[in-house]
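S.K.: Spelled out, the chains give:
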Amino acid sequence: MTALRLQGDLWMGTSPLIRDLKLDMPAGCWSCLLGVSGVGKSTIARLIAGLPGPYRLEGTVSAGDAGTPAGRVAMMAQGGQLLPWADLVQNVTIGARLRGTRPDTARARNLLEQVGLAGLEARRPAELSGGQCQRVALARVLIEDCPIVVLDEPFSALDTLTRLAMQDLAARLLRGRTVVLITHDPLEAIRLSDRAWMLGPDGANRLELPQTLPPRDFRAPDVLAAQADLLVLLQGDVVCAG
Amino acid sequence: MRWLGFGPLLRLLLALGFGLGLWQLVVWATGVPHFILPGPARVGASLSNNAPLLLEHAQFTAVNLLTGLAAGVALGVMTALNLALSPGARLMLRPMLIFAQAVPVFALAPILTLWLGYGAASKIVIVMLVIYFPVTSAFFDGLMRLPAPLTDLAHTMRATPLRKLFLLQVPHAIPALFSGLRLAVVYAPFAVIIGEWVGSSRGLGYLMLMANGRGQTDLMFAALFVLAAQSLALFAALEAISRGRAKLREP
Chain A
465 MTALRLQGDL WMGTSPLIRD LKLDMPAGCW SCLLGVSGVG KSTIARLIAG
515 LPGPYRLEGT VSAGDAGTPA GRVAMMAQGG QLLPWADLVQ NVTIGARLRG
565 TRPDTARARN LLEQVGLAGL EARRPAELSG GQCQRVALAR VLIEDCPIVV
615 LDEPFSALDT LTRLAMQDLA ARLLRGRTVV LITHDPLEAI RLSDRAWMLG
665 PDGANRLELP QTLPPRDFRA PDVLAAQADL LVLLQGDVVC AG
Chain B
69 MRWLGFGPLL RLLLALGFGL GLWQLVVWAT GVPHFILPGP ARVGASLSNN
119 APLLLEHAQF TAVNLLTGLA AGVALGVMTA LNLALSPGAR LMLRPMLIFA
169 QAVPVFALAP ILTLWLGYGA ASKIVIVMLV IYFPVTSAFF DGLMRLPAPL
219 TDLAHTMRAT PLRKLFLLQV PHAIPALFSG LRLAVVYAPF AVIIGEWVGS
269 SRGLGYLMLM ANGRGQTDLM FAALFVLAAQ SLALFAALEA ISRGRAKLRE
319 P
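Chains as they are written, first to last, in our numbering: chain A, 465 to 706; chain B, 69 to 319.
Bound conformation, chain A alone (with noise of 0.2 angstroms):
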């Protein structure tokens, strides 16, 4: 269990992008960052993962009581993160292979059993569907047992049904890691947070969730009426930023 605190000043080269910066969040739970494009998602993304940038954070990110987080942390992107020249049991395992490690194959077939690809783990990525590479890519977050995950906006080259099967299945597979899910999707960051930020140039916001538990029904009339209040939310940012 490793709890996230990210305080401070982002910088993207010399200009600011965004002030005041304070994100609590707690271990094991789903954090949710939300907001337009360019705002710098995704650079918050890449600092908690402790991927090189442009960026620059005056301030701290600590992960547990154990210094940055760099180093425990499996990240799950959009797309293109599979190899193509690679079956999906090679794919999954490439992590333990980058490291000089075993790679454990009964594992992986296992995860990818757990993912619903049974019966696929010696096709290619290109011959999958772009749901299913998601799911491949979930199976590699999965066996690299970190205690966070980052998901930047993982689902969101998908349509809108296999989106909403992605989010119950990550849900359920990633229950009880700490898990940052970066989206700029109202309904995604309503059903699957405990806990939700709108980014702002002037720092994060918290957000209300309705009070059930996460992966939420999205027929449910209070995700509903979130959901609402999030577009105008957002709605607002763009006009802004327009």
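It is worth saying that the hints were derived from the structure and are not from the lab.
Residues on chain A that point at chain B, a partial pick, calculated with CB under 8 angstroms:
| no. | residue |
| --- | --- |
| 1 | LEU515 |
| 2 | GLN545 |
| 3 | GLY564 |
Calculated Cβ distances over 10 angstroms to all of chain B for the following chain A residues:
| no. | residue |
| --- | --- |
| 4 | ALA467 |
| 5 | GLY472 |
| 6 | ASP488 |
| 7 | GLN578 |
| 8 | GLY583 |
| 9 | LEU622 |
| 10 | ASP623 |
| 11 | ARG639 |
| 12 | GLY640 |
| 13 | PHE682 |
| 14 | ALA692 |
Covered stretches of chain A (in silico footprint by chain B; criterion: 3 or more residues with CB under 8 angstroms from a CB of chain B, positions within the stretch not fixed):
| no. | stretch |
| --- | --- |
| 15 | 532-538 |
| 16 | 557-563 |
Idealized CB from N, CA, C, for every residue including glycine.
For this one, chain A is given, so just place chain B on it according to the hints.
M.R.: Same frame as chain A, but now just chain B:
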């Protein structure tokens, strides 16, 4: 046009027949003497009459061509891997590589013949030098163009540089390497013939010069044909490997 649907072999034969017909027509129409431009029949006769001679010289040329290709590709691949792995090597070696490429390698042929003699060594080295840069450059570019998501993957998975190179960069760069190899296969026959022209006592290039000196234009053309056949076979072999690899990737 149903005949367009015929097998590729038949289409090739048709094209060849058309080319030969046109050639014969030019010979008949202009009435050039056969020591300037022999007709296809004459060249064909020379091919079959001098078969053992042509075969012997073709063998010398082919062995040098293939050895030079293999050595040049091996050297190019190793240089590209080294450059990709070490920023220090990039800083030191790249300007040297560019500078070396600015010297036309063909112009070095007489010097190489002076240093390495009239035997096989000078030809192999010329081929190596000519194909070294295109192979290195194409493969290195492929290695350095790992897509950003895969670079991020290596980072979050805490990959060692060597494992990142061999598990991500090399597989990604294989198509780029093949485009380098295609250039190499086209340049290599030029290089080996230049080497033989500058100084040799064997090989198709030598045979062409000798036939030219003796006014045996038909033998010269025959040697040219054998050389062209070699180049085509080389290119076809590479294409077959490339296609086989692509098929392996998308069964």
